[in-house]
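Colleague: Here our numbering = 1-based position in the sequence shown + 28.
There's no promise every hint is true.
[Claimed, not checked] As a list, the in silico SDA-like pairs of lysine to any residue whose alpha-carbon atoms are at most 20 Å apart:
no.	residue 1	residue 2
1	Lys210	Ala93
2	Lys161	Gln201
3	Lys161	Gly190
4	Lys161	Ser191
5	Lys210	Leu180
6	Lys161	Thr85
7	Lys210	Gly190
[As the list claims (entries may be wrong)] Label-pair ranges, simulated between beta-carbon atoms:
no.	residue 1	residue 2	range
8	Glu175	Pro97	32 to 40 Å
9	Thr54	Phe128	28 to 36 Å
10	Tyr202	Pro81	18 to 26 Å
11	Ser197	Lys161	17 to 25 Å
12	Gly162	Pro193	29 to 37 Å
The hints are simulated quantities; they were obtained by calculation from the structure and are not laboratory data. Virtual Cβ for every residue (Gly too), placed ideally from N, Cα, C.
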Amino acid sequence: MIKGSDMDGRNETNSLVAVELLDELTPGDLNDLCDAAEAAILAGGGVGWLTPPPRQTLEAFWNGALLVPERDLFVGRLDGVIAGSCQVLRPARNNEAQGFACNLNTTFVAPWARGHGLSRLLVEAAEAHTRSKGFRVLNLDVRETQEAAIHLYEALGFQRFGSHPRYASVDGQYVTGHFYFKSLRD
Numbered sequence: 029m030i031k032g033s034d035m036d037g038r039n040e041t042n043s044l045v046a047v048e049l050l051d052e053l054t055p056g057d058l059n060d061l062c063d064a065a066e067a068a069i070l071a072g073g074g075v076g077w078l079t080p081p082p083r084q085t086l087e088a089f090w091n092g093a094l095l096v097p098e099r100d101l102f103v104g105r106l107d108g109v110i111a112g113s114c115q116v117l118r119p120a121r122n123n124e125a126q127g128f129a130c131n132l133n134t135t136f137v138a139p140w141a142r143g144h145g146l147s148r149l150l151v152e153a154a155e156a157h158t159r160s161k162g163f164r165v166l167n168l169d170v171r172e173t174q175e176a177a178i179h180l181y182e183a184l185g186f187q188r189f190g191s192h193p194r195y196a197s198v199d200g201q202y203v204t205g206h207f208y209f210k211s212l213r214d
């Protein structure tokens with residue numbers, strides 16, 4: 029477990045914040061993760077859905093994330109409750125040409141848990157994990173409407189290398205997406 033802010037894991041609001049790399053989900057964790065994802069989707073950010081899918085679809089999605097060998101699931105907890113997550117996708121073993129880079133995706137924090145530093149802790153934990161596994165680059169992409177996420181990524185040293193004007197479609201309108209990378213070694 030990677031705990032944030034102070035030695036005891038408490039942040040400036042005296043909330044206990046923690047990030048964990050999970051290899052299994054308890055029924056309570058699955059429920060928390062689905063609740064947090066639904067809240068983030070309704071607030072317009074994270075996971076890729078525009079409206080929350082049926083609960084069994086969300087449960088299958090999160091359980092499935094743990095079955096993919098190249099996928100690492102990190103969760104952020106606020107006072108013990110899962111409030112957000114991110115995933116690191118390692119390249120397939122047969123992809124030697126891009127075997128040095130991972131992708132960060134499905135990053136979100138539920139609206140009720142924002143402002144406690146969980147997003148930063150999730151990204152930093154994913155980055156540290158990726159670096160510890162010997163990878164040299166971490167890539168990500170984000171909708172232009174997710175301004176807080178963009179600000180965080182740029183503050184953490186991610187560099188924008190491109191934009192796609194038809195990256196996503198929201199309410200029948202195209203939304204631009206931005207692509208970032210961070211070198212994990214100098």
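Colleague: Against the structure, test the hints numbered earlier, and report the numbers of the ones violated in rising order.
Modeller: The structure breaks hints 1, 2, 3, 4, 6 and 11; every other hint is satisfied.
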